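*Asks:* What follows is the residue order along each chain.
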Amino acid sequence: MNTTLGQFNLTAVSFFLLFVVASLGITYWAAKKTKSTAEFYTAGGQINGFQNGLALAGDFMSAASFLGIAGLVALNGFDGLIYSIGFLVGWPIVMFLIAEPLRNLGTYTFADVVAYRMRQTPVRIASAIGTLAVVSFYLIAQMVGAGNLIKLLFGMDYELAVVIVGCVMLAYVIFGGMMATTWVQIIKAFLLLGGAILLAILVLSQFDFNPFKLFAAASEKYGPEVLAPGKQVANPLDAISLGMSLMFGTAGLPHILMRFYTVPDAQAARKSVMYATWFIGFFYLLTFILGFGAMTLLGQDSIKAIDKGGNMAAPMLAEHLGGNVLLGFIAAVSFATILAVVAGLTLSGAAALSHDLWVNVVRGGSANESEQLKVARGATGFLGVLAIILGIVFKGQNVAYMVGLAFAIAASGNFPALLMSILWRKFTTNGAVASMITGTFSSLLLIYLSPTIQIDLLKNTEAIFPLKNPGLVTIPLSFLVGIGVSLWKSDRQAYEKFSEVEQLIHLGNAQFVATLPPDELDGELP
Amino acid sequence: MNDRDKVFTQLAEERWQVSLKLTLAMMFIYFGFILLVAFNKSLMGSLIVPGLSWGIFLGSLVIIAAWVLIYIYVSWTNNYYDPQIKKYINSSK
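Top to bottom, those sequences are chains D and A.
Using my numbering, you'd call the opening residue of the first sequence number 1 and step up by one each time.
Using my numbering, you'd call the opening residue of the second sequence number 527 and step up by one each time.
These are calculated hints, taken from the structure and not from any lab test.
Note that the structure is predicted; figures quoted are calculated from it, not measured.
Hints are not guaranteed to be accurate.
What the hints assert, rightly or not - Listed below are several chain A residues computed to face chain D (Cβ distance under 10 Å; list not exhaustive): (1) K532; (2) V544; (3) A551; (4) M552; (5) F557; (6) N566; (7) K567; (8) S568; (9) S579; (10) A592; (11) V600; (12) N604; (13) Y607; (14) I611; (15) I615.
Stated by the list, open to error - Dumping the calculated SDA-like pairs for lysine to any residue here, alpha-carbon to alpha-carbon at most 20 Å: (16) K567(A) <-> N235(D); (17) K426(D) <-> K489(D); (18) K213(D) <-> V575(A); (19) K426(D) <-> K567(A); (20) K271(D) <-> P576(A); (21) K271(D) <-> K532(A); (22) K213(D) <-> L584(A); (23) K532(A) <-> G508(D); (24) K271(D) <-> V544(A); (25) K613(A) <-> L504(D); (26) K221(D) <-> P576(A); (27) K426(D) <-> L546(A); (28) K271(D) <-> L584(A); (29) K612(A) <-> V501(D); (30) K567(A) <-> G223(D); (31) K271(D) <-> V575(A); (32) K151(D) <-> T3(D); (33) K567(A) <-> P236(D).
To be verified - Where chain D lies over chain A, by a calculated footprint (3+ residues, C-beta under 8 Å): (34) 533-542; (35) 580-589.
Note that the Cβ used here is the ideal one computed from N, Cα and C, for glycine as well.
So here's chain D without its partners, still in its complex pose (with noise of 0.2 Å):
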């Protein structure tokens, strides 16, 4: 089939610069509103339930989700279901485990929580550590997709595709903080849930509205093989270990985390959560129309012909159903869509280099306002420049698995540590040290050891550690090491700072700060 993808399309160049011009907007508005640390992280806690449920579905929309999955669909069927399935389950785990202590507890960073009752300086250090390990990897992969895309939507050089991400990016962040980040994504997820809507419409209206006469069509097509799992999860226990990484990945993703502090109080933290699952939810079920209406109409061959991962499935069947129009507003909103999820990412990195690294264990705790704020903008800018350094780097490079990979860090670095640092009593700083390190340099290695970069990468004839995600060794390893130290040597101060955590998570900061006396407060609240 024909397509203009790869040329210069000018309805999606227009689309494109009226969401930039629109969103530099929303960063002008924002920016007067920034004027302090709270507001620059956190939008001042302003944000509420609703807002923050499409803000946190925003940020996991990600242009790897829609077009990744929707690829993956297009041309492996059923296997593309598996991971629609596992990011969705992390969150009901965030809910139950994560959200309301997180918001209870902590002012700008998950650190604050595991902080809470432990001695600042080792603890900062360490989970400083694991965020800008995800950070990181999440950051290459958003980066290295962004690249690609645009130089396949718009015909764009790649290298000029990733510093336009990296300095529209650094505008929101540096001058609009949180309330610019998060509006940009409420916005994005908006027009991305609509763009999908209506194209999983005009996919149906081709099969009488019954998604089964679809899903018929294309196992008569391509076999009744599409229907069911297939190569993708040939060893059982790698399909475990991935989706123990996926389930347990999304409690540890530091972007994530952060948006909880963005809303008052928990009752909002629950609500934007439950949102977020919904939203999620029903965009992955419409990106498997999506996908087996790719594949249906316009055939697996035409899609490998543009982008043998299947990355470009939603574009052509967005040029194939509404024309050129279609086609400009789906790649527009997919350049939104990494630009508001690389904006979210350096925000939080750049949490953890100011007010974990910085505010907490250079100045001991006390900064002042300017100063905290000085710090925060110049991390930022940091992590844009180095943002864009990585992408040009790791071109190349297989964006799912970068995602996989960050997804095993923070399941294995992050997430035990913040768990047991909110549910048990005898938790000690050393052991949640040895947790998180142990968790994200194990995962590193493990990473570092397996088929996928031993073999794929390598060229070896074989691999060390056989799996190809780490999450079924390091996980509980990260667990077992967290809990060991603990037993082996008791933290007196943690064990009796226990119960105003206890206070904290079901009570709340507002009735806590009314009974305790005041000169208890300093320096524990903001």
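Since the structure of chain D is provided, determine the placement of chain A on it from the hints.
*Replies:* Relative to the frame of chain D, chain A by itself:
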């Protein structure tokens, strides 16, 4: 420990009981699905009605199960936990 502390401890315990049970339910459902995918491919590939395989049906059911579990949690917290916490806080005044 006075009566008021006991009320709080019990409430906290109840909240984590509910959370952990729902977490285990989600894990059970999801890993059950993954194990079926990994070990019983022929079942997952067989059709219920033309166009709908067991795999697609159960997969969608996992997504719906996530929604239902979240609904259970939210309605428990809204109807029981939040009012009890409010009552506890007011009892100090």
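*Asks:* Measuring from the C-beta of N604(A) to each C-beta in chain D, is the shortest one below 10 Å?
*Replies:* holds, 8 Å
*Asks:* Holds or violated: is there a CB of chain D closer than 10 Å to the CB of A551(A)?
*Replies:* holds, 9 Å
*Asks:* Take the shortest C-beta to C-beta distance between I611(A) and chain D; is it under 10 Å?
*Replies:* holds, 6 Å
*Asks:* Sort out whether L584(A) lies within 20 Å of K213(D), counting only the CA atoms.
*Replies:* Holds, because 18 Å separates the two Cα atoms, which is no more than 20 Å.
*Asks:* Hint check: K221(D) vs P576(A), CA-CA at most 20 Å. Holds or violated?
*Replies:* holds, 14 Å
*Asks:* Assess, step by step, whether the Cα of K213(D) is no farther than 20 Å from the Cα of V575(A), and give holds or violated.
*Replies:* holds, 10 Å
*Asks:* Measuring from the C-beta of V544(A) to each C-beta in chain D, is the shortest one below 10 Å?
*Replies:* Since chain D brings a Cβ to about 8 Å from V544(A), closer than 10 Å, the hint holds.
*Asks:* So if I understand the rule, the pair passes when the alpha-carbon distance is 20 Å or less; does K271(D) with V544(A) pass?
*Replies:* holds, 17 Å
*Asks:* Please work out if K151(D) and T3(D) have their alpha carbons no farther apart than 20 Å.
*Replies:* The hint holds at about 15 Å.
*Asks:* Holds or violated: the hint that K567(A) contacts chain D, with Cβ atoms closer than 10 Å.
*Replies:* Given a least distance of 5 Å, the restraint on K567(A) holds.
*Asks:* Should the interface hint for A592(A) be scored as holding, given a Cβ-Cβ cut-off of 10 Å against chain D?
*Replies:* holds, 5 Å
*Asks:* Does the CB of F557(A) sit less than 10 Å away from some CB of chain D?
*Replies:* Constraint on F557(A) satisfied, holds at 7 Å.
In this structure, the hints that do not hold are numbers 1, 19, 20, 21, 28, 31, in rising order.
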